[in-house]
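Chemist: Residue-level listing of the chains:
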Amino acid sequence: MSEKNNLLPSGLPRIESLEMRGIVKKFPGVLANDHVDFDVQAGEIHALLGENGAGKSTLMKILYGLYQPEEGEILLNGERIEIHSPTDSINHGIGMIHQHFMLVDNVTVAENVALGLKSSKGMRLDLDVVSARIRELADKYHLQVNPNAIISKLAVGERQRVEIVKALYRGAALLVLDEPTAVLTPQEVDDLFVIFKQMAADGHALIFISHKLNEIFALTHRVTVLRDGKLIGTVNTSDVTKADLANMMVGREVLLTRDRQPRETGEARLVLENVNAFNDDGQSVLKNISFEVRSGEIVGVAGVSGNGQRPLAEAIAGLQKVENGRVLMAGSDVTNFTPAQMFDTGLSYIPEERMHDGCIKNFSVAENAILQDYVRPPFSKGIFLNFKAIASHAQELIESFNVKTPSQETLIKNLSGGNIQKLILARELAREPHVLIAAQPTRGVDIGATEYIHGQLLRQRAAGLATLLISEDLDEVKAMSDRIVVLYGGEIMGIVKSDEVTIAQLGLMMAGERADEVFAA
Amino acid sequence: MNLEIILHAGLATGTVLLFAAIGEIFAERAGILNLGVEGMMLLGAMAGFSTSLSTGNVWLGLLAAIIAGGILSLAHGLVTIHFQADQVVSGLSLTFLGTGLALVLGEGLSGQSPQLVPAFNIPLLSQIPFIGPVFFANHSLLVYLGYLLIPFTWYYIFRMRPGMHLRAVGEKPDAADTMGVSVYGTRYFYVFIGGCLAGLAGATISLSVSPGWYSTQTTSGQGWIAIGLVIFAQWNPWRAALGAYLFGALRRGILDLQGPAILLGFANPLYVNSNYGFFLQMTPYILTILALIIGSRQAIKKRLGAPAALGVPYIRGERGL
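Protein chains in written order, with this note's numbering: chain Y, -3 to 517; chain P, 127 to 447.
Keep in mind that the hints were calculated from the coordinates and are not lab data. You may find that some hints are simply not true.
[Claimed, not checked] Label pairs and their in silico Cβ distance ranges:
#1 Q337/Y - F284/P: 22 to 28 angstroms
#2 S403/Y - L200/P: 45 to 51 angstroms
#3 H96/Y - I197/P: 35 to 41 angstroms
#4 E67/Y - E233/P: 54 to 60 angstroms
#5 F23/Y - S336/P: 54 to 60 angstroms
#6 V152/Y - R429/P: 22 to 28 angstroms
#7 N144/Y - L200/P: 54 to 60 angstroms
#8 L200/P - V26/Y: 30 to 36 angstroms
#9 T334/Y - G403/P: 45 to 51 angstroms
#10 D124/Y - I193/P: 37 to 43 angstroms
[As the list claims (entries may be wrong)] Distance condition first, Cα-Cα at most 20 angstroms in a straight line; then the derived SDA-like pairs of lysine to any residue:
#11 K238/Y - E447/Y
#12 K149/Y - S252/P
#13 K428/P - S280/Y
#14 K428/P - K238/Y
#15 K149/Y - R429/P
Even glycine gets a Cβ: it sits at the ideal position worked out from N, Cα and C.
Chain Y on its own, in the form it takes in the complex (with noise of 0.2 angstroms):
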């Protein structure tokens, strides 16, 4: 191979390979990583797969200096290595995507890029050094971006591009990418998959974290498997399938696909009308929401997370005010009425964070199980609770919906969120509802209580529940749905029916374009 070729486009040399090996860290009360090895090469996208908390993100951090391992050691090019912080991996050609974007919304495009660097004027700015090095980068990798841009203008995808160029502009030759497709639409992914598939033809090594298997099958040369902070294994992606990898995500075998029959539904129990609200800066987050929920009908919200999925769920639950418009419960009217109100007439509402509005995470497994109900008998009379009564309820819950936990006294922040997520679900089933809104019902949550969830809210299905599934998992929403709303900026851009709608299609109203431009085309 000629010196030339062992160059990257930036101009900068390959790491060849980077190798971990044995890596333990630990966390009080938990082994996040037990005893792991890992390696990329040079061209190569290895994938690394597990589901929350299975230790993918604590090896990377380790790997970007974020973290010290208690154990291990890191060779880069078959020389050992020593990262002690973000400075030290990036002096080695390391650089990282982390999940959430890691930009300063209201400045420049260029001065992000010369964050931390050295400035070739002294202390002096030097920004018109830096945007011609981002205009000869982003030339090289074909990517689209204007140094001049000021952030918080910039669509998400234009941001991904941003955390790219940066990388490049510190000589990244290898690139973690951490779930980088998680806020994106279809086409963003799309897009940048192109990018990524071009920079490890270049010579980059990228290594691609996520729990999304087609993601895993568009994109990746081999995958590492990691549970419970073990290794389970490397293989080459051609050779396996995805059932492979979740069994091995999981460690049994697992359901990928629902069986959603065919339901006949029954009356509207839910019914919205030209919904519009507005949020504490005056900004209007709803316009004209208009949509019903039958009985025996489960209907997905779609949409890129902050599009006005949280404010719709809530609205409905009485948590958001509607300033004009109705919201109707078995054909009376129920606007702004309060979230305790709204339990009354049947609504019951699983809300997207968890932790924060779904339980008390202070509070043990029994008394979580009770949150709206311990006014009512039999869980209190007058000013007195009955514990049996809560006792006997939550042991009943724990035992129909499989919730793993030492004992109902234990505190609900000790439990694994799939765990609080089964159990809030069987609080909010248990109150046997008309109408049940699932906000992000398995985000974070592990492919085994994904599987077990899924199944739950097809029975109730079955059993004539009206469901509304607000979800940012496009997969989720088009396999569990029987009609789909996609909203953008606010607003309803189509509703149709899951079964005759592609991903492609849902991607674009996703992006703003209205459901009869996209049938047109």
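Add chain P to chain Y, keeping to what the hints say.
Modeler: Leaving out everything else, chain P in the frame of chain Y:
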């Protein structure tokens, strides 16, 4: 009532607020709200006065004031940066701590007269009609220093590399951290700078503007006004300077306004009942309440353009990082 005299005195009084407000701008731009300005100023006023008195050297006095304010501010830094405590609570306690220390250590200083900061005319500039006598004549060195501090602060924050790091740490500390900027180091440094400037502001009172040690009356709530000014200035040194000088002139103006019976053709309320002047003396406390409300309301902070991470402790590894 002479406009020239009021403005001249206003610039001198305003210099106190200017130092304190610019110090607070530095701290808040780094994301640390320090409500202890009043305490740091009082300690600075005492330290400066006492040192100048005992050594006979006013420059040592100013240095002592700067160091005293700076050291006291590090207590706030330790509590809020390292131990991630609530910044409002810690800042308020800092005021009590500073005030208490100053009163104990300043016991017996009243009535003494140390060496003061010299005043002088700026050659040529002081000859300009009206502007010369107001801005460039017979002012203490500290007033002229204040003039220079304003453009320097602006240039530093918005045009220099350390200033950009300062803003990044206050806006999005996790972004700064991943780019190799030390969040804790940056925050400690600017909390310290804020303390130094507050100490200097205190000494500006006791060694220049209204020389003497009058226990808590020395600063009489000007630290709180400085904190309020920072918000109204929207963390911009030019606007802070304008506000500081305006408030300075106002403080001085109140005294002058009590003189005439007729003001702009109306009966002068301050002449009719001098107690009305107390309303103006309430401003520090009203500003304090405003500062507290704004400091605790995310929506208001956003609208005013406050540093996004103001008041939020930074813990590496939290919130997804």
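Chemist: For the pair supplied as a hint, K238/Y and E447/Y, is the alpha-carbon distance within the 20 angstroms limit?
Modeler: Given pair K238/Y, E447/Y holds - Cα atoms ~15 angstroms apart, limit 20 angstroms.
Chemist: Is it true that D124/Y and I193/P lie within 37 to 43 angstroms of each other by Cβ?
Modeler: holds, 40 angstroms
Chemist: Checking one constraint from the list: CA of K428/P to CA of S280/Y, max 20 angstroms. Satisfied?
Modeler: holds, 17 angstroms
Chemist: Is K428/P close enough to K238/Y, meaning Cα to Cα at most 20 angstroms?
Modeler: violated, 45 angstroms
Chemist: Cβ-Cβ distance between E67/Y and E233/P: within 54 to 60 angstroms?
Modeler: Since the Cβ atoms of E67/Y and E233/P sit about 59 angstroms apart, the hinted range of 54 to 60 angstroms holds.
Chemist: Given the hint of 22 to 28 angstroms, is the C-beta distance from V152/Y to R429/P inside that range or not?
Modeler: Check passed, 23 angstroms falls within 22 to 28 angstroms.
Chemist: Given the range 22 to 28 angstroms, decide if the beta-carbon distance of Q337/Y to F284/P lies inside it.
Modeler: For F284/P against Q337/Y, whose Cβ atoms are near 52 angstroms apart, the range 22 to 28 angstroms is violated.
Chemist: Honestly, do N144/Y and L200/P meet the 54 to 60 angstroms range at C-beta?
Modeler: violated, 39 angstroms
Chemist: Between F23/Y and S336/P, does the C-beta distance stay in 54 to 60 angstroms?
Modeler: holds, 57 angstroms
Chemist: Okay, H96/Y versus I197/P on CB: inside 35 to 41 angstroms?
Modeler: holds, 37 angstroms
Chemist: Honestly, do T334/Y and G403/P meet the 45 to 51 angstroms range at C-beta?
Modeler: holds, 49 angstroms
Chemist: Take a quick look at whether K149/Y and S252/P sit within 20 angstroms of each other, Cα to Cα.
Modeler: Violated - the C-alpha atoms of S252/P and K149/Y are around 48 angstroms apart, more than 20 angstroms.
When the structure is compared with the earlier hints, violations turn up for hints 1, 7, 12, 14 and for no others.
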